[in-house]
Amino acid sequence: MSLLDAKTTPAPTPPVANRRTRAIAVIMGLIGVFSIFVFGFGSPARSHSSFTFNPINLQNAPWHVGSLTVVTRWTDVVLGVVMVALAAETYLRRPRRGVMARFGFVAVLFLLGLLSWAARTPGPSPTSSVNITAILVGSSAAAMVLIFGSLSGVMCERSGVVNIAIEGQFIGGAFLGSMIASTTHDFFFAAIAGMIVGGLIGLVLAFLSLRYRSDQIIVGVVLVTMLSSLSSYLNLQVFTPFPNFNTGILAPNLPIPLLSKIPVLGPVFFNQSGFFYVMIVLVAVVSFALFKTRYGLHVRAVGEHPRAAATVGIDVIRVRYVNVVLGGAIAGLGGVAFMATQGQFQVGYTSGYGYIALAALIFGRWRPSGAVVASIIFGLSVYLSYNLVTYNVPISLYILQMFPYLITIAVVAGLIGRVRAPAADGQPYVRD
Amino acid sequence: MTFFALVLGLLVGAFVIITTTPAVLDAWRAIFHGWSGLPHALNLTFNNVGAAYRSMFTGSVVDPQGLWHSITTGNGWTNTLTPISETLTYATPLVIASIGVGIAFQTGLFNIGANGQAVIGGIAGAVVGSMLHMPTVVHLPLTLLAGIAGGMICGAVPGVLKAYTGAHEVIVTLMFNYVTYAFLLFMVLSTPFQQPGQQNDIGRTMDPSAQLAPLFGTSSGLRVSYGVFVAVAVVVFAWWLLNRSSLGFDFRVTGANPAAARASGINARSVIVVVFLISGGLAGLAGVVQVASTTHYIDGGFLIGNAGIGFTAITVALLGRNRPMGIVWSALLFAALGVGGRNMQAATGIPLDLATVIQSAIVLFVATPVLVKEIFRLRSVATTSVQLATTGWGS
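Here the protein sequences line up with chains B and G, keeping their order.
1 is the number of the first residue of the first sequence in our numbering; add one for each residue after it.
1001 is the number of the first residue of the second sequence in our numbering; add one for each residue after it.
FYI, nobody ran anything at the bench for these hints, they're computed from the structure.
Keep in mind it's a predicted model, so treat the numbers as computed, not measured.
Even for Gly, the Cβ is constructed at its ideal location relative to N, Cα and C.
Please note: incorrect hints may appear among the correct ones.
Claimed, not checked - Simulated DEER-style distance windows between Cβ atoms:
1) F188(B) - T1019(G): 23 to 31 Å
2) L1042(G) - G343(B): 36 to 44 Å
3) N1267(G) - L30(B): 43 to 51 Å
4) A1260(G) - L200(B): 36 to 44 Å
As the list claims (entries may be wrong) - Covered stretches of chain B (chain G as the covering partner; in silico rule of three or more C-beta atoms under 8 Å from a C-beta of chain G):
5) 223-229
6) 401-413
Construct all of the structure, not just a fragment, from the sequences and the given hints.
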């Protein structure tokens, strides 16, 4: 009994963590106030917003879901008040757990408020509407790629190697994936090729940083530079003279019978390309392997305290090699998935997704589940930054496009220190 | 050591050329049908790789035939000197940006955002240079200062975030690069700054009073400008800062041993912020020098892709071991690779990106000195490479 008590008694919160919690609460509060005054009182009193839920492709929607029309001003005011209330609760109670979840919840509420503001039309009968299902389906593609990337990050960083070359593995996977998919018309081969190229890049990173103990971040960044210039070079040498190698073929959707007909959820989760289902299986496999198996225990031991792990007979270097190569393969697969949803390979079209995936990994506290939630939020913001201009938003497309990156910076700045990386993350390991 | 890395980098480049040129590949495939194809394959390989590297050299340093022609006949000097002038033009902003990155590296900080900072510096300089009108004596310094200030603002953000929240500078500066690209497109496509009467993504042209004039006059046809003196001043400043000032000593101690720095009473936070201010300011200066000495206006492709001097600056700083003079040599080398790459693209059709591939290969080898040592079976070589002060995402 006393043992149990000792375990559950919370350790006193260090003042730094307190300050950070308060800072996050203040940010949440500011977002709420912004929503109340800009989205709420910034929209005309009588304007209404309409949300629809039917997928664009009605084939998979036997159930018709009616549209939801709300008064823009008061909806946004209520959303903002909820955000402020959450912020106040966080500020006053300073909960030790769940701050991140609250922050994520505020982010989702903010997006809802933003959407209803963007859909506002004067008068009680709205002429245009925001299609929630279309937005979710659209952002699921970005989220899927980010999930692949952050899973790769989980694999590598849990074993103590910072894989900043995820962007490079995306590029490699997308390039080779496009080539294989265009020639064989088979995404299975494309996926295999992407995994091989991603794994090879991971192997180079592992080789240079484990065997020669080069700085992992420098090697990773130089690898990304190399791959992006190599892809640009090969694009001109191979894809320009032989356009048949880069036809921009898209992976077909594989609707799951019955499940794909569920309103809203069906099109989002059960009418996707094969990559999406592979991604879901991978999340489960990685979580299980890392936290429920002997292998996962070894990996986490190596990432936290390699010397102790070596003492009990774990081959630190081997575990790291295996994980970095596997992580690279996952990121390479993500590159193929990106290409399979975006089409034709273009130079620089991964536009920093690999780095956003790293931020999602940090936001998700180096856990697969957290990384998934973070990737969904980032995926939504990436999608909206490109597509919000089609609605009633008086902001330049280019200003909107800054937001996913600014949000990433804010998240990283707000969370480092609150969340703890694996202790040996990025440290070279020297055998005794 | 650096020389061996260079050789390996060029070998990687040759390998890339061979594996992507269909004619050469066909010749090698013929070997499988009989050894008689071997001389032809070797010949073709040397011809292709040789032509590529030869055109790189003649396009960036000097064309021997042209030189001989100029010496014997006394004319055609413009054509003969153009390659070296182009290399210097390219190297000038590169030296400035690389010194900024190098100072950050010496402190153990990684400024990948140099490109974004240079973009902001270029925008700030172009705005001041095109929208204010003054005599040269005031206008040019003001333009350069605007560039420095723009870069400083952009560099201050990751510095302050790193110092006060522990956010890793790598991710913050990388994200800032994308933010600055979006900002660049916004600027060159919206009213006050877009070139009047233009629908495309082109900004206003700088006044002649804000431009860095060509060194040998406009009539010479050589683009190398007074910016060279700015670069020289920056090199001297950096040498003084790192080797003679107490601030620079603090930087280097922080980079070499953060724990010792803390123990000796160096304020780590202010060091981080100051380093990022200097690094960002220099990158911004590089951006404004780039605009003021070459195109005199900014378009939507400013410093994007191959032209991204901020990214080349990282590799230059690593190759130059972050020391001012080392950076000057490696900037000249990489500028020659870049300029020569353009000539290679025109002469042989091999894409310019090969130059970047070679550059990054060189730096990979420089970053892993032990590997080079093993490949060439060298003995007793300094095998230290750059290590960042913060590994992982630590705070």
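Check: How about the region 401-413 of chain B: do at least three of its residues have a C-beta closer than 8 Å to a C-beta of chain G?
Finding: holds (count 8)
Next item on the list: Using the beta carbons of F188(B) and T1019(G), state whether their distance is inside 23 to 31 Å or not.
Entry: 26 Å, holds
Check: Checking C-beta pairs, does the region 223-229 of chain B have three or more residues closer than 8 Å to chain G?
Finding: Coverage by chain G holds for the region 223-229 of chain B (4 residues, Cβ < 8 Å).
Notebook entry, point to check: Okay, A1260(G) versus L200(B) on CB: inside 36 to 44 Å?
Noted result: Holds, at about 40 Å.
Note to self: Looking only at beta-carbon atoms, does the pair N1267(G), L30(B) fall within the given range of 43 to 51 Å?
What the structure shows: Violated, at about 30 Å.
Notebook entry, point to check: CB of L1042(G) to CB of G343(B), is that within 36 to 44 Å?
Noted result: Taking Cβ atoms as reference, L1042(G) and G343(B) lie about 41 Å apart, which means the hint holds.
The structure fails to meet hint 3 from the earlier list, while all remaining hints are met.
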